[in-house]
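Protein chains: 2
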Amino acid sequence: MNKKIGNRTVQLKNEPRIISAFSIVGPREGEGPLKQYFDEILKDELYETESYEKAEAKILTNTIQEAIKRANLKNKDIDYLLAGDLLNQIISSSFAARQLEIPFLGLYGACSTMTESLSLGSILIDSDIGEYVVCATASHFCSAERQFRFPLEYGSQRSQTCQWTVTGSGAMVLGKGGNFPKITYVTTGVVKDYGIKDANNMGAAMAPAAVDTLYNHFKDTGRKPEYYDVIVTGDLGSIGKEITQKLLLEYGYDIRNNYMDCGDMIFNNQAQGTDAGGSGCGCSASVAAGYFYKKLMRKEIKSILLISTGALMSTTSSLQGESIPGIAHAVSIEM
Amino acid sequence: MNKKIGNRTVQLKNEPRIISAFSIVGPREGEGPLKQYFDEILKDELYETESYEKAEAKILTNTIQEAIKRANLKNKDIDYLLAGDLLNQIISSSFAARQLEIPFLGLYGACSTMTESLSLGSILIDSDIGEYVVCATASHFCSAERQFRFPLEYGSQRSQTCQWTVTGSGAMVLGKGGNFPKITYVTTGVVKDYGIKDANNMGAAMAPAAVDTLYNHFKDTGRKPEYYDVIVTGDLGSIGKEITQKLLLEYGYDIRNNYMDCGDMIFNNQAQGTDAGGSGCGCSASVAAGYFYKKLMRKEIKSILLISTGALMSTTSSLQGESIPGIAHAVSIEM
Numbered sequence: 001m002n003k004k005i006g007n008r009t010v011q012l013k014n015e016p017r018i019i020s021a022f023s024i025v026g027p028r029e030g031e032g033p034l035k036q037y038f039d040e041i042l043k044d045e046l047y048e049t050e051s052y053e054k055a056e057a058k059i060l061t062n063t064i065q066e067a068i069k070r071a072n073l074k075n076k077d078i079d080y081l082l083a084g085d086l087l088n089q090i091i092s093s094s095f096a097a098r099q100l101e102i103p104f105l106g107l108y109g110a111c112s113t114m115t116e117s118l119s120l121g122s123i124l125i126d127s128d129i130g131e132y133v134v135c136a137t138a139s140h141f142c143s144a145e146r147q148f149r150f151p152l153e154y155g156s157q158r159s160q161t162c163q164w165t166v167t168g169s170g171a172m173v174l175g176k177g178g179n180f181p182k183i184t185y186v187t188t189g190v191v192k193d194y195g196i197k198d199a200n201n202m203g204a205a206m207a208p209a210a211v212d213t214l215y216n217h218f219k220d221t222g223r224k225p226e227y228y229d230v231i232v233t234g235d236l237g238s239i240g241k242e243i244t245q246k247l248l249l250e251y252g253y254d255i256r257n258n259y260m261d262c263g264d265m266i267f268n269n270q271a272q273g274t275d276a277g278g279s280g281c282g283c284s285a286s287v288a289a290g291y292f293y294k295k296l297m298r299k300e301i302k303s304i305l306l307i308s309t310g311a312l313m314s315t316t317s318s319l320q321g322e323s324i325p326g327i328a329h330a331v332s333i334e335m
Numbered sequence: 001m002n003k004k005i006g007n008r009t010v011q012l013k014n015e016p017r018i019i020s021a022f023s024i025v026g027p028r029e030g031e032g033p034l035k036q037y038f039d040e041i042l043k044d045e046l047y048e049t050e051s052y053e054k055a056e057a058k059i060l061t062n063t064i065q066e067a068i069k070r071a072n073l074k075n076k077d078i079d080y081l082l083a084g085d086l087l088n089q090i091i092s093s094s095f096a097a098r099q100l101e102i103p104f105l106g107l108y109g110a111c112s113t114m115t116e117s118l119s120l121g122s123i124l125i126d127s128d129i130g131e132y133v134v135c136a137t138a139s140h141f142c143s144a145e146r147q148f149r150f151p152l153e154y155g156s157q158r159s160q161t162c163q164w165t166v167t168g169s170g171a172m173v174l175g176k177g178g179n180f181p182k183i184t185y186v187t188t189g190v191v192k193d194y195g196i197k198d199a200n201n202m203g204a205a206m207a208p209a210a211v212d213t214l215y216n217h218f219k220d221t222g223r224k225p226e227y228y229d230v231i232v233t234g235d236l237g238s239i240g241k242e243i244t245q246k247l248l249l250e251y252g253y254d255i256r257n258n259y260m261d262c263g264d265m266i267f268n269n270q271a272q273g274t275d276a277g278g279s280g281c282g283c284s285a286s287v288a289a290g291y292f293y294k295k296l297m298r299k300e301i302k303s304i305l306l307i308s309t310g311a312l313m314s315t316t317s318s319l320q321g322e323s324i325p326g327i328a329h330a331v332s333i334e335m
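Protein chains in written order, with the numbering used here: chain R, 1 to 335; chain X, 1 to 335.
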């Protein structure tokens with residue numbers, strides 16, 4: 001009777017559409033390989049505010065607002081805003097919601113937030129709970145560094161396995177009908193923790209969760225990796241990406257031919273000094289809303305499986321000796 | 001075509017049922033007026049762990065596990081766990097999810113989390129996205145004090161408008177059919193911020209959000225306050241409660257005859273020294289899963305409107321001079 005297929009996947013029979021998307025990135029991201037795909041590139045990390053946290057909230061607010069405008073809608077047309085971010089108590093999202101006056105459901109999935117919001121958002125549209133839902137998230141290099149590691153002013157040395165939190169955001173408006181990319185399946189993640197405790201090696205901590213969600217997606221849907229033009233994880237970076245394709249091969253799925261990672265795509269690590277690549281909620285959000293949305297709309301790609309990946313620790317849990325739980329949610333988006 | 005009525009409310013035509021509930025509270029809550037209704041009362045705040053944060057995660061894990069057992073289900077029967085908490089990066093929920101191996105969607109709604117999770121959970125069941133969903137949250141006095149105010153060891157003096165974060169939790173298993181309380185309507189909140197900056201007066205900061213959600217619920221459903229046996233807010237405490245009923249009267253709705261507040265109910269403030277009353281995600285969660293669920297099952301009450309209320313600031317936003325945004329989500333639960 002229910003719409004689940006297999007253990008973890010929901011088939012969206014009405015195929016909710018992504019009717020618009022918008023992305024903003026910081027200056028460094030705007031110098032990377034995907035620069036031509038982002039909708040707005042900031043001149044500086046403060047974005048005319050007084051703090052990095054206020055800048056992050058402004059980035060998110062403007063991204064959502066522009067995505068709504070692009071869909072030719074007003075804020076009052078939107079039934080739900082599903083958003084979250086990395087900051088303590090998701091203040092970027094709450095302060096964005098304060099300005100937008102849209103019914104707000106706050107999420108926390110760390111860097112998996114983009115697909116968490118797309119999962120719930122597409123289910124809401126598919127089930128006829130309202131007409132339009134906005135799914136969004138953002139992150140900011142400077143606010144994340146000082147919250148999770150050290151204030152930038154310390155000039156701490158970074159480990160080579162470190163990832164670079166993306167200053168960026170992505171918002172998508174979901175609706176019904178029209179010639180837009182459709183969300184066809186949603187596979188929800190289970191928390192996986194293989195005991196990694198190094199907060200400077202998040203790719204390794206999140207890879208098992210990505211593998212588990214990918215494995216279950218293929219099993220539940222009966223699809224093979226080659227069904228998709230691109231399988232793209234959120235922010236595993238160069239190290240986590242390698243682990244993921246190796247582990248999946250052990251489960252019998254070879255994704256090496258069509259596998260990408262947003263964290264691996266957004267920077268030119270060697271030239272830009274971004275260590276193991278991009279991370280943060282804004283990484284998969286900006287790459288999905290910027291690069292992949294345009295590729296799908298232009299029909300240069302016809303299907304992607306997007307798996308945003310999150311590391312669910314806090315500084316407190318790490319200081320108390322806990323390892324890093326990972327999670328990953330997948331959505332298939334098809335033109 | 002969609003299931004929304006009015007601006008903010010969803011009518012759940014299949015009326016998902018709360019098929020089981022479980023609550024755990026700390027020692028102080030276990031000495032309060034509702035002590036006979038809680039399912040487990042802790043002997044001490046550490047719950048045989050090494051830190052208050054680990055205790056909070058253990059409380060939440062055990063509450064969810066016991067709620068699932070009471071429903072005669074196994075973890076593998078549960079389609080989704082929707083949970084969140086007050087700690088940075090919702091570590092209590094993520095670490096609970098790590099142990100339970102249930103597909104996990106993390107939420108952040110501060111103290112509004114219980115009705116946020118019930119809103120999304122009941123929509124998932126109503127829309128046939130799976131058979132069983134667990135909605136849960138927890139808070140802990142000691143972990144919240146040290147995160148949001150001061151470590152207890154400082155012995156800081158408390159303001160009289162301060163509320164006392166409840167050490168406690170509540171979990172509800174939602175399913176279909178059976179002689180259980182039904183969730184009939186869900187009204188989602190918009191962020192409201194009237195400029196209150198005093199983190200020691202959260203009741204006043206959250207009251208406008210509660211009023212807004214209540215007003216929209218009555219308007220959307222056409223119901224009058226007297227329809228419900230009890231209208232109960234989450235954790236406005238004695239001060240926020242008074243503001244709420246006064247403000248609503250100005251909007252033409254008199255809730256004075258059947259209005260309660262979980263924060264006002266859980267302690268005997270005068271005798272227990274709990275200032276303006278209880279607060280925290282665990283406040284409305286434990287009172288709803290403990291007291292009200294039993295009252296409904298025993299048919300001593302036939303309908304409640306539960307409105308958990310959240311204050312969406314962080315210590316960083318407060319230090320940066322931001323006021324406190326509030327939110328409130330309402331669910332009607334009827335026998």
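Hints listed in this document are in silico derivations from the structure and should not be mistaken for laboratory results.
Careful, some of the hints might be misleading.
In this list, chains with the same sequence are indistinguishable; a pair is considered to hold if it fits within one copy or across any two.
List time: in silico PhoX-like cross-link candidates among lysine-lysine, alpha-carbon distance up to 25 Å [said to hold, decoys possible]:
1. K74 to K219
2. K3 to K13
3. K3 to K74
4. K192 to K74
Hints, verified against the model:
Only between protomers do K74 and K219 lie at most 25 Å apart by alpha-carbon distance; the minimum there is 22 Å, versus 40 Å within a single protomer. With identical chains, the CA atoms of K3 and K13 are at most 25 Å apart both within one copy (8 Å) and between copies (17 Å). Within a single copy, K3 and K74 get their C-alpha atoms only as close as 31 Å, which misses the 25 Å cut-off; across copies the closest is 20 Å, which meets it. Taking identical chains as interchangeable, the C-alpha atoms of K192 and K74 lie at most 25 Å apart only when they sit on different chains, with a minimum of 19 Å there against 40 Å within one chain.
Hint compliance for this structure: every hint is met.
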